[in-house]
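Undergrad: Sequence:
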Amino acid sequence: MPTKSGPAPYKWGEEEIAGAFVEHLTVVAARRLEDLDKCRDLGQEAYKLLGEAVERGVTITTNERAYAVGILYHLINAHLRDQYHLSDEEPPERVVFVDLGASVEFEETLALVREALTPNQYACYVLRYIDDLAAPDIAEVLSLPVEKVHGYLHRAREALSRPAVKALLDPQV
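Counting from 15, one number per residue, gives the positions in the sequence shown under this note's numbering.
A couple of the hints might just be wrong.
[What the hints assert, rightly or not] Pairwise CB distance ranges, derived in the manner of DEER restraints:
#	residue 1	residue 2	range
1	Arg128	Ser157	30 to 38 Å
2	Ala148	Pro177	23 to 31 Å
3	Ser157	Pro177	31 to 39 Å
4	Ala125	His168	30 to 38 Å
[As the list claims (entries may be wrong)] The calculated lysine to aspartate or glutamate pairs, modelled on EDC-like cross-linking and capped at a C-alpha distance of 20 Å, are:
#	residue 1	residue 2
5	Lys162	Asp151
6	Lys162	Glu172
7	Lys162	Asp146
Derived by calculation from the structure, the hints in this document are not laboratory data. Since the structure is predicted, the reported quantities are computational estimates derived from the model, not experimental observations. Glycine is no exception: its CB is placed at the ideal position from the N, C-alpha and C atoms.
With the hints as constraints, model all of the structure from the sequences given.
TA: What follows is the structure, given as C-alpha cells:
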C-alpha cells in the first residue's frame, strides 16, 4: 500500500505481488512489441532472473524497480535484435535514444546521465526517452503519482541542460 514517503516495495517472495508487477511490465512492453504473448514470455523470464538475483542476495527496493524494468527492456531489445536481424553494432537503443550525445557511445552516455540524476529522475528519464513511455505509463510502472513523474522529468531535463553536463554528453557543444 502506498505511503506518504512513497509506494510500498514489492515483496519478491510473494508470488502474486511479483507476478502482478511483471504483468504490468508486460502490458507496457506489449505497446512496443505489439505481441502480448511474447511480452508475457519475456516478463516471466525477467521474473525468473529477478528471483535468481534475490537468491544471490540482491535487494530489490522501491527505488530499484527500474532494475526490473531494465531486465525486461534488455530482453525486449534482444528479441527485437533477433526479429530485425540487427548486429551487435546496431543496438535498437541507438534508434530511440537520439537526443543525447550523438558522437558518444550509448552506454557511456547512459552512465553520464545516471551520474547526473537521482535514482527516481534517472528511472523516469530512461522510461520516457528510451522506452518512449508517456507519464501515466511511467507512473504505473514505478507506482508513483503522475505529478511526481512530471516533476522528476522536469528536474532531470534541468539537470541535463546544465552547461557542464551538456559538455560531457555532447563533446561538440
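Undergrad: Compare the structure with each hint and give your call.
TA: Here is how each hint holds up against the structure:
no., hint, result
1, Arg128 - Ser157: 30 to 38 Å, "violated (21 Å)"
2, Ala148 - Pro177: 23 to 31 Å, "holds (30 Å)"
3, Ser157 - Pro177: 31 to 39 Å, "holds (34 Å)"
4, Ala125 - His168: 30 to 38 Å, "violated (22 Å)"
5, Lys162 - Asp151, "holds (13 Å)"
6, Lys162 - Glu172, "holds (15 Å)"
7, Lys162 - Asp146, "holds (18 Å)"
Of the hints listed earlier, those the structure fails to meet are numbers 1 and 4, in rising order.
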